[in-house]
Structure formats: C-alpha cells, structure tokens
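With the hints as constraints, model all of the structure from the sequences given.
If you're matching them up, the sequences are chains A and B in order. Residue numbers for the first sequence follow my numbering, so the first one is 140 and each next one is one higher. Residue numbers for the second sequence follow my numbering, so the first one is 516 and each next one is one higher.
Calculated directly from the structure, the hints in this document are not laboratory data. All C-beta atoms, glycine included, are put in the ideal place defined by N, C-alpha and C. A hint or two may mislead.
[What the hints assert, rightly or not] Calculated from the model, a selection of chain A residues having no Cβ within reach of chain B, i.e. all distances over 12 Å:
1. Leu169
2. Ala192
3. Gly197
4. Val218
5. Glu735
6. Ser848
[Unchecked claim] So the derived list for chain B, only partly shown, Cβ under 7 Å to chain A, looks like this:
7. Gly542
8. Gln561
9. Gly562
10. Pro566
11. Phe569
12. Arg570
13. Arg573
14. Asp585
15. Arg588
16. Ala590
17. Phe592
18. Trp610
19. Arg612
The chain contents come next:
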Amino acid sequence: MKFLDSLRFRISILFGRSRMDAEMEEELRLHVQHRADDLERIGLPRAEAERQARIEFGGHVRYKEESREAAGGTLLESVFRDVRHALRLLRKSPGFTAVAVMTLAAAIGANAVVFSALNATLLRPLNVPEPQSLYGLQFGEGVKGAQSYPNYLDFRDRNRCFEGLAAYHMTRVGLDTGKNPTRVWLYEVTGNYFDILKIQPRIGRFFHAADEQGAHSAPYIVLSYGYWHSHFQDDPGAVGRMVEINKRPFTIVGVAPPQFQGTFLLLSPDFFVPIVSLEDADTLNTRAGRWIFETIGHLKPGVTTAQAAADLNSIGDYLQTTYPKENGKMNVSLSRAGLYGETFERPLRAFVAALMLLAGLILLAACANLGSLFAVRAADRSREIAVRLALGSSRVRILRQLFTEALLLSLAGGAVGIFGGAMLLRRLSAWNPFPQFPTNVPLNPDANVYAVAALLAFISGILFGAVPVRQVMRSDPYDIIKSGSLAKLGRRITLREILLAVQIAICAVLVTSSLVAVRGLLRSLHSDFGFEPENVLLADTDLDMAGYEGEAVPAMQKRMLEAMRTIPGVASVALTNCAPLSSCGRLSMTSVYTDETSDLRPSTVAASPLQFQISPEFFAVAEMPVLAGRIFTPHDDKNAPLVAVINQVFAREVFGSSAKALGRYFKVSNGTRLQIVGIAKDGKYKSLADDSQSVMFLPILQAPTSASSLMLRSKSDPQRLAAAVRSRLQDLDVGMPVFIQTWPDALNRVLFGSRLATVALGVLGALGAILSMTGIFGMAAYSVSKRLRELGIRVALGARRNEVLQAALGRAIKLLAFASTAGLLLGILASRLLAAMVYQATPRDPLVLAGVVLAMASIGVLATWIPAQRALSIDPARLLREE
Amino acid sequence: MSEQAQLLPGTLDLLILRAVSLGPLHGYGILLRIGQISGDALLIEQGALYPGLFRLVRQGLLKASWGTSDNNRRAKFYELTAAGRKRLRQETDNWNRLVSAIAAALGTQPEEV
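Dropping the structure here:
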C-alpha cells in the first residue's frame, strides 16, 4: 500500500498535476502514518495499525477534494481546466470553430500585412548610424529635392548647422566586368558621402572628399554588398579589379556593409561612384538645371530643424541674389531622409494610413460578427449556464470560461493569420514587378509585426468575448430553467441587422468591382493595340553606354540589324528608339507647327506628337498598318529630303483628315520642314489609355539616336531566340549591355497598375465575402437557436422541410438579397471610377452581373448551411422533452 | 465515545488557531493537542481537519513549512501568523460573548421575563 501510495505520488508528479496537489496527497498520507505509529506503540501490529488509522481518517478522497477547494487551487491550474473545457466545446462545434478561426485569420493577417508595410516604409529609419539626425534638403514649394552641383557646393561650404552635407544622384549605366555587360543602377555620390553617413566598408576602402580632383577624376567604385554577393560570389579579390562603366575604366576600391542599401528606400543601387568621376566639367559647372537627386546630412547636436532651415534659407537668398539668372527663390525645408521628403513620404503616409484604417475596420467588423456568433453560443448554452449558476458557480467563473474560449479562438486565428501574412510578405518582398528598378523596401515581418499581430489577436478576443457578457450577467437561472429561453424574439429591425446589411452591401460592391476589373483586364489584354505583339522579341540597348558616338552609331546599328537577320527562326527585324508599350522610358513629346507658321512659340504649337525613330522594316515587323502613302525605304537617309509617317490622330489634329495630310509639310521646333509620306493606323504607344495620342515616325537615318531597340519577329516562341540574340550582339561588341524581353512580357508591365488594382480589389472582395459569411452565419444561427422550440412545434404539426427553412432562415436570406442588390447597384456606379484605373472596365456586362449574383448566392448558401442543417434535424419529441 | 460532543459549525477553525497558538504543530499533532486541551471531549473526524487547515493557510492566518516530526517522519508544520494571532483574539472574544449571551438566555427563569 505504501508502495502504491508513493507510486501514485510519483505518477501524479509525472502527469504534471500541480505540485500543490502532490504535496497535499503526501501530507494526508503522512498523517495516517503518524496515527499508525501511535497505534503501533499501544500494541497493534503495523498492518492493523495502518488499517485502523485509515478508518479513523475518514473519507480520504472527499477530504482531499475539500482541501483542494479550501486551498483555492493555483491560477495556472484553473486556467488549464478552462482551456481544456473550451477545447472540448470547440471540438464539438467544428463549423463554428472553422468559421471563427478563418475570419480572424483573414482579418488579423490583413492587419499584419498592412502594418508591416507601414513598418517597412514609415516606421523603420534608414539603416545608418544616428538616423534620427539625418535630414534631406527640400527646395521650392515642398516637392523638389534636386539641386545643381555648384549650388550644392555652396550649401555644403556655407552652412553652419550640419556636420556636413553630401549629395547623391541615381542613374543607370552600362557596366562591363569583363563578361556579360549589364545595365545597372548606381548612385553618383559626393566624395564625402560615406564619411557623412558614418559607415564603414565591409572590405576594402571607401572614397573620400580628398579623392575629388575635378571632372573625370577619382574613377573608383564601391560595390553594394548585394551586388558583390551575387556577381562576385563574395570574392575579396574583387577589390582592386578594373571594370568599365560606359566604356571608361574604374577601379573597385571597396564593398559597402550588407545593411546599407543606399539612402533612398525606393531604389537600392548596385554600386556607388563619385559624382565627379562620371560627369564632365560642363555638367559640374552649370549652376542652372537642378539634377542631383538629394542633398543629405546630419544636423549638429543641439541644432533644431527650424534653425537649420533659417540658416539654409539665408544661403538660398544669397544664391538667388548672386546668380539671379540661374536661381529662383529657394524655400529650403528639411525632411526625414529616406523617402525624399514630401514627394514620396506624404502620399505614402496617406496611402498606408488609409490601408491601416481599412484593415482596422475589417478587424472590427470581424469582431462584431464573431461577437454575435458568440452570443448565439451563450444563448444555446443558457440552460447549462443557468444550472451552473443555480448550483453555486460564480458568474465570474462562467465569464472566464467564455473568455477563455474567445481568446483561444482569437489566438488560433491570429496564429494562422500571421503565418499566412508572413508567407505573403515573403513573396511580396521577393517580387519585383519592375526588374529594371531595384527597390529597397524589406517587407519581411520583424518582431514589431509579430507583436502587433499578437496584440490585435488578444484585443479582438477580448472584444468579441465581451459581447455575451451582459447576457450572462443578467440571466436569471430560475427564469431560464422555467422557460428555456434567454430573450424575447423581436420582429423589429435591430442595429445589428443594419450593420450586417451594410457589410453585405460593401461586400457586393467589392465583388462587383473586382469582377468588372478582371473582365476589363482580360479584355484589354486582347484589345486592338494597333500592332501585333505576339511572337516579337525586343532587345533593348543604348549605344551611348557602349561608347558609340556620331557616325559610329548608324554604322553599328546597321551591323546589328544584319547580325539579327542571320539568326535562324527570325522572320524579320526592325530597329526603333523604343517599341510601343514597352515602358522604355525614352518616348517624349515634341512640338510641331504647321508649315505656314513662321513664329515658333508655345502658343502656335499645332500638335505634340510622340516621336519614334524607326528603320524602314518597323511597320512590317510590328504589323502596324499604313493606311495611305508609303512606308520608309533605305533611301530615306540623311542625303534625301526629310520625311515622316504620322498617325491618324496627328493628321486629324493638324490637317483635318488623313486625305488632306498626305504629301503636306509640317515644321519641328528647330524650323526644319518634314514632308508627310504616309499615314499609319492609330494604336497604343505609351499606355493602354492612348486613344487620341498623335504620333510621328521618322526614319532613323534622318533622325539618328543611340537608343536602339531591336524588334525581331519570330517564326515560333520568341523566347527561344533570346540566347542567340545575346550572343550575336556580344560578338559585335562585348561591352554592350542588352535588356531582352518578349513584347507580350513588356505589355504585361504596362498593365501593372490595372493588375494591382484588380488584385487589391480581389483581396478586399475575398475579405468582404468572409466577413459577410460570418455575419450571415451568426444571424441565421441566432434565429434558428432562438426559434428552436417554435420550429420543433411546426415540425411536430407536419411542416414540410422548405417551410421550416423558410421560417428559420427567411429573414437572413431576405437581408442578404436586399443588401446584395443594393451593393450590386452601388458597385455598378463605382465601376465608372474603376474605369479610370482599369482600362476597358465596364459593368454593363452580363457575365459580371451573373458572376456577382452567383458569388453572393454561394456566400448565402455557405453561410446558412450549418444553421439550415440544424433547423432540419430538429427532433420535436426530443426538443419538447428537453424544454 | 458517547461522552464526546459534536462540533458546532465554524468552531473547528477557532480550535485549530488555539492549538497552533501554543507552538508549531503538524496536522496529526494539532488533533492530539485539541484532544489534550479539550479533555478529549470533542468529536473530530481526523480528515475533517485538513480542509480547515488549507482554508486558514489561504486566508493568511497560518503558515506552513515542511520539517521532521518526533516520530522521525516528514511532516508539514503549521504556525500562527500575526494576522492569525489577531484573529484568534477576536474570535475568542466573540465566542466568549456568544457563550455568555446564550448561557444567560438559557439560564433565564420564567419570572425574570
């Protein structure tokens, strides 16, 4: 027995019963032992003594239970009991649990994602020492940070409030490291840049102010850690190597530390070079024309931003009076470094704040819906609760039980939400819609994000757990046991129903809008561009970056065209300064004048067409129809009369019609006359919204440019040509950086805005659908639970299934139908707005209408499924017996 | 045995406090001490002692610590805290007042009314 006792003692420890419990057991056991000792002393044999002692002790289990009660138990123990109880209850209603967890996961996940965007862009400062005193200069009315080099030097040397001022500028160059020349982003920085930022090189050294010796001096490169890692495989031997930037020799002197990715969050550079090394003396000495992106520096300790702004403004005034021709009034202000002041920070702040608000509202709506679901559960358990109250359980204890359940759900939802959110964020961080622009916004969730998500989960648990509190506190056990119901069934419209209707309407708006957007997107993918992008490969380069100038440019372009023609599988090749809809960033508008105009001023401009410089094959390769006149020939060179092909819009704007335009002349801004030899069909050039954009095409031999975009029409998948194109071009010039993409891929990037809007609407629509679903579920479940007895009687009296459903769910279904219709109508109105973002978005589309109706109906079916099952499975006999 | 009286509800706590006020005791010791100071006149089932002990510990009137008994066994010893001492004084006064009031009431003769 002794052995058994001690075994029980050990086992109880093993199984994690509280230490207190085990101690209690031990104490009672020892009491019996002491008594047995005494009995043995007066003559009883040990076994008999122990038996006697146990009898005298009385009901062991009972006294232990009572002792445990008396001692109160530890908090942990009772929490553990609550958790176990809650888990058991949740397991018994998997539908409810799944809905609750899913809703919370969506709401908390959305909040985590939005917060981490906020965290990454606005809360986290630049990763440099002492970021709080680092400021950027803003000139003029709040928006421009750019400055000319001589002005920068004056600000640097004359100010008394900064420890020092550095400036940087972002630009794209051709980099040749001996193999595979590429176009890369770099920061041109002043020599003092790294010293001002107080950062140390990872390896090698940085360049300094002392290295600057005028234009084209200090040809040094500092690599970013990322570029060193990906292109030099962390090779320390990279330091000291010679490379070429735009065909000029540079020496790699060092590598920046991994956490330093430049001073502008939206663009992280591949490397840094001194400003003086790339620019010529002319650019560096011109005071007019502000081009250096931003000037930054640390304020001296104790200097306020107001004092600094005053100091800088006095320098601005000095510059204005000394160089009145080059400088206007400078209203200098300071802004936090990293987001280029107001230009990016304010809209970003507004955007993120709006998102945060939206996410907060979603979470609130989720809490409200879950709260009503919880109220239903409390109502369903009213009898159980009443019995417990009657038996002396305290209300606090019962509430604690309910809160435990709510918190368990919210924590589970939060865990799922943050997990999904983290996965999404990881993908978002890795995803870069514009490979040409490397951003520096690490979206990966950090400790802040996890903490906020956990906090939100906790708060929402408390929030929706609190909904049934009043219900429990007010309930009178006597009443409930007698009548079996908590509240009277109201016929009037409650606030909760109105809120739910609003939610459903918003959901329907979102569903409508996202369907409209998707349809618009699909349609614009297959709309008429005025050319045929399928099966065309684009190889874009700038001969400028490869060091070609003057006569060498057309000669090289001719060789490139010839090399392309010999590639097997290529049907035809053309050359242009920029392929339409390829986001090349080179298309600009030029002013043209009628032939009769002699005074070429802004007020006499006849049209502002986009200018394409093309080889004669362009129209054939692009399959862009020329409606009248002729296309260019190789004889339209610089010895021939100047000619142009214009599009229909141009013809209509300047001449009235295409027929009138053919053969006529017009002037460009330098007064040169061009004859119109052909009319091309209208198309899309810069964006899909181009409906009335005038365009002129000039022969590239008459209007030479170093910008060279090769267009290759392929006989099969154009991607298969990419490797051959690259190698042929490298055969021509090893140092020429090329960017190759298919034309359809380029088009996809033009559609990026529409896509983003579509995805955002889709996500919001899904969230809205989930919320509506929980809302309707809650309401339907509530109504079934309230009217269980009534429904039971109906069934007993022979009501058919559809009559029961009608009685149980009619109100919820009516609400859904009403709110969905309202939402659909609103959505159709809102789609007019949408048309501004998504090209060809129109709500007058039977498929969209059908889609919305279907979506809302499935939401209704899903949400009322469980309550409907419950209503149908009513067993009147059992129900009436129980009640 | 038949000489022993049933405990009035609530009096066990007072007896425990009194017993422990005479020196630290373990549970069994408390029973023996109560028997000793009451002349074995009270009937207490041994196990009934423990809920009372735990209640008093929780109320902060007693404190407990493990030690070794005269029998050379482990045992949990209880002693009074300051609050317990104070409570014992109060309860003793209350009890005395109650007893004299009840006694006076029971001793009243008809002619005295």
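Against the structure, the hints:
no.	hint	verdict
1	Leu169	6 Å, violated
2	Ala192	8 Å, violated
3	Gly197	4 Å, violated
4	Val218	18 Å, holds
5	Glu735	106 Å, holds
6	Ser848	85 Å, holds
7	Gly542	5 Å, holds
8	Gln561	5 Å, holds
9	Gly562	4 Å, holds
10	Pro566	4 Å, holds
11	Phe569	4 Å, holds
12	Arg570	4 Å, holds
13	Arg573	5 Å, holds
14	Asp585	9 Å, violated
15	Arg588	6 Å, holds
16	Ala590	6 Å, holds
17	Phe592	11 Å, violated
18	Trp610	22 Å, violated
19	Arg612	27 Å, violated
Hints 1, 2, 3, 14, 17, 18 and 19, counting from the list given before, are not met by this structure.
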